[in-house]
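Model the full structure from these sequences, guided by the hints.
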Amino acid sequence: MEADHEGCKTPMHRESRILTALECPPPPARKKPVCTKQRSPPKDGYFNPPDLEAFFTMLPRTRREACA
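In the UniProt record's numbering, the protein residues as written are 1 to 68.
If you are wondering where the hints come from, they were derived from the structure by calculation, not from laboratory data. There may be inaccurate statements among the hints.
Here are the simulated distance ranges between beta carbons [as the list claims (entries may be wrong)]: (1) Q38 x S16: 37 to 43 Å; (2) P60 x V34: 42 to 48 Å; (3) T10 x P33: 43 to 49 Å; (4) K43 x L22: 55 to 61 Å; (5) K31 x P11: 38 to 44 Å; (6) P27 x E6: 39 to 45 Å.
These numbers come from a predicted model, not from an experiment. From the three backbone atoms N, C-alpha and C, an ideal C-beta is built for every residue, glycine too.
Structure, rendered in structure tokens:
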């Protein structure tokens, strides 16, 4: 009955031991890129609206009132 109260122990048999690795495994293979061909620019050119620069202009900052 004392054997039941000894608690857990690490198995010491040779069969239970983890073998040491002789050499490291190789690194995982890199994934091949899906698209290897570059696209040529469109024949008619890119869309460039005349007011595009106005869209990105900086607006003057206005002070916001703190929430009460």
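Hint check results:
no., hint, in the structure
1, Q38 x S16: 37 to 43 Å, "57 Å, violated"
2, P60 x V34: 42 to 48 Å, "45 Å, holds"
3, T10 x P33: 43 to 49 Å, "47 Å, holds"
4, K43 x L22: 55 to 61 Å, "60 Å, holds"
5, K31 x P11: 38 to 44 Å, "40 Å, holds"
6, P27 x E6: 39 to 45 Å, "44 Å, holds"
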